[in-house]
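Residue numbers (the numbering used here), protein chains in the order written: chain X, 1 to 286; chain S, 287 to 541.
Mixed in with the good hints, there may be bad ones.
Said to hold, decoys possible - Within a straight-line C-alpha distance of at most 25 Å, the following computed DMTMM-like cross-link-like pairs (lysine to aspartate or glutamate) qualify: (1) K334/S / D412/S; (2) K334/S / E352/S; (3) K334/S / E172/X; (4) K334/S / E91/X; (5) K334/S / E441/S; (6) K334/S / D295/S; (7) K334/S / D182/X; (8) K334/S / E348/S.
Quick caveat, the hints were computed from the structure, so don't treat them as lab data.
In this text the structure is predicted, and so the values were computed from the model without any measurement.
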Amino acid sequence: MRDFWQALGEFAFLRHALVAGLVASVACGVVGSFVVTRRISAAAGGLAHAVLGGMGLALWLQGARGVGWVHPLLGALVFALLGALILGRVESRGHERSDTAISALWAVGMALGVIFLFRTPGYKVDLTSYLFGNIMLVDPQALRLLILLDGIVLLVVWLFYHQLVAVCFDPEFTRLRGLNADAWSTLLLVLVALTVVSLIYVVGIVMVIALLSLPAAAVGRFTARLGVMMAAAAGLCAVTTTTGLVLSYRWDLPAGAVTILVAAAFYLAAIGLRLKPLRRRLPGSD
Amino acid sequence: MTPALVLRDVDFAFGRRPVLRGVNLVVPAGVFTAIIGPNGGGKSTILKLALGLLEPDRGEVELLGERPARSRRRVGYLPQASFQDPEFPITVRDAVGHGRLGRGRNWGPLSRLDRAAALAALAETDCADLADRPLSRLSGGQRQRVLIARALATEPELLVLDEPAAGLDPTSQTDLYDLLSRLSRRLTVLVVSHQVSLVSRHVAQVVCVHDGHLHLPSTAEIAPELADFFPDVHNMVLVRHEHDECPEHRTPRDA
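Only chain S is shown next, with the shape it has when bound in the complex (with noise of 0.2 Å):
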């Protein structure tokens, strides 16, 4: 099956200064991957570069088996809550909406088929009664599930998400993750978190980032610690820094 990811010695610098450096990466499709690593550590750009939104300066990005440009619209994308204002005047069935766009005519109101799908996208989020509210009145957690609603209305073969449970209070985040773990069954999902013991729960793959250039395949034996806080990861992988370990990982619960 053609990964969902792949990322080969892939270099990238804002700038003069460096942020990934030969970094090596695959995500096999229909795994719930997370990347996980400090902030500030580069998760965020292997996304932006997954994603095309960046460009690498060396390498190559091959997003489901096809250049990111090409294949991002099979992409369901939940961006950092920062970037967007938490006032922006929208509905709920309006924000789901935009996930329709791109999608059948270009022009005029939502056609009743997009509204079903962003109607069946909201359900599947546990949002369906949300439907009419303002988005600005939601709580962070309904907020972050009507998000990955608007994704999901995409009708993606992968869930791309980045630190979705930021700034939850903790019920909300476990419901989260609970809501991707029921969502990778039938799609691959990739969240990025610095959250190391919350994402530890539900992952099957867990790629490890801090100042990373040096790609490593490892086993339990190459990390231990991370072995600690991921019982049931099968694969791991570490993308760091020669000598530098993440911090991220030298306090148990740290999330």
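One chain only, chain X, in its complex shape (with noise of 0.2 Å):
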């Protein structure tokens, strides 16, 4: 344990990685907590792995047409915000099974992704650094675009939060009261896509879902109100992703599934007989 804090003050990667997850966090546990609430894992897994796409594209253009400045979280943030926008529109317009829709996102994004890979000329990028994650190939640019996606992630919820939470709740009486339920249930998308484009160098694509849904679910079990559900998410997201790093670099194991493996451990807790008592003493509880 003491390595790690040592090696912390040492290696300017590791400080990265430990930022990352933090800033990372904030954004999971809000939008978890709507991910949760509003039953939409599975839209969140498909935009995340829809992304790979995205990424696949960034990185080819950078080998093959020498387009230096695409940042591969840029192209999974297009994707991402793209795979956002369709998926709304299928909702809307209920012409096409949302199920079905999402299984086309999933499975579309990563066979893109893996052609762009593969036609990539140069050095073979590892995609299980992209499906699994690997925070600490986190660099300063990425941490500056994860900030900012957090700053809007905030932004956007701070501002609106009554009529996403009413969408999410009533979405029959939102609309009955004006508001475009379609297009703040689009917007609940998006602010899902930006924060799965935050968690992909945490936990990867693969497993952006698990980090997305399990503090929150966890929180859940204790709590009868939103906002305190959001921050005691967030709270908890940050002791996982920081809890992951500290593990895997304890016993040099993949930080992503790591993190993974102790989000599912705080949720087995959440759910288990011995954890009961603390319901009465959190907030909105009885």
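Each of the two chains sits in its own frame; use the hints to bring them together as a complex.
Spelled out as structure tokens, the structure:
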């Protein structure tokens, strides 16, 4: 344990990793609470996997076309936003089953990513670092983008908290109040997309759903107030990512995978009988 | 005075299954009206047409003298309880605050005025002391009162409720209808219910819908079995399929 904190002082990449985990945790707790209460974790999974297409495209543009300024996270962001708009459109029109659209988005995004990466000349990109995360790869440019995404997510949620909660709780009532419920639902998916991108380095594309849903679901068992749930989920997510980083450094294991196991352990603990008495001590619970 | 709701020769079908055919209906302003009938008979469809959530295949719908899409913001609405997640983590205060959406500013926390309007609505439904409680921890009756407060927070001219007493215990059902009777003194109340004997003690007009396509501006002579249940009702409208009766009316105490 002491090794980790000593190393933190020595190595900038480790500090970047720690900060990236903490920054991503804030959006993860806030948006994850919406994901859990609105029950859209499947959509979040679809968006997460679709971003591989964008990352592959960015790397291909860098390697094959010499467009150096296109960061993989930027490609991920574009594909995630496109995916959110497509899913929002499908949900609002109702012509297509949304689970079909989610599956298609999930698979097509990954297929595009694999093809772009296959055609990228030069060094072969380590696909596993995108699929399963590698928080040690966070560079200052990526960190700035993560902070920007976090800021955007928090600002939008602060500005439109009541509209977003209303559309999750009772879309029909929201529509009758003259609000465009479909547009607000799509905005929620856009927030999920932004959060997914911020979590890619932390746990990777494949495991984003778990970090987005497990901490929020765990704290959701102890509170019946969404604001408390968001704050507590962000805190638990921060503890989870930091613990995952420390343990992976200590035992030389992949940080993303260890982080997910830590999140799962917290979730299992939350549903365990021994934690039931805590319910009475948290605000918003009986 | 402009009627609260008018349906003229309305047809509506879900796909190829007709639900309403040639329905004519007037809900006068200020009259506590109930749409009754068995489940699946078309009651909620009439509500959704009235609120502009569905469009009629034929005919016209006027809500508060305008097209529903224009006037529905002047309506307070309580949807069926089954459409909401009972475990959704939201406080009473926040839920009632949603009634202020679409009024005032469209961003940021609720204004002081909006918060005061929400609290006044809670007080009117005798729920002021529940403001900081989570909605999921309330009893069924308390929850419905809070959601009526949310509808009142919109400052409506017409209050529309879809099966407001479904699933409640008898005492809570009676209390709820007492509250609606009180509210009907200051605004038009339109309620959909399959619980005939429950609504009979409170409403001033009854509309019966059953596989409805025929409109009969009727009296007690047309439907004597209804008159037994609604001794104080002055105006009765029967919207039903020819030769059919509302099964709800076949037994004296069915609620």
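Violating hint indices (sorted, rising): 1
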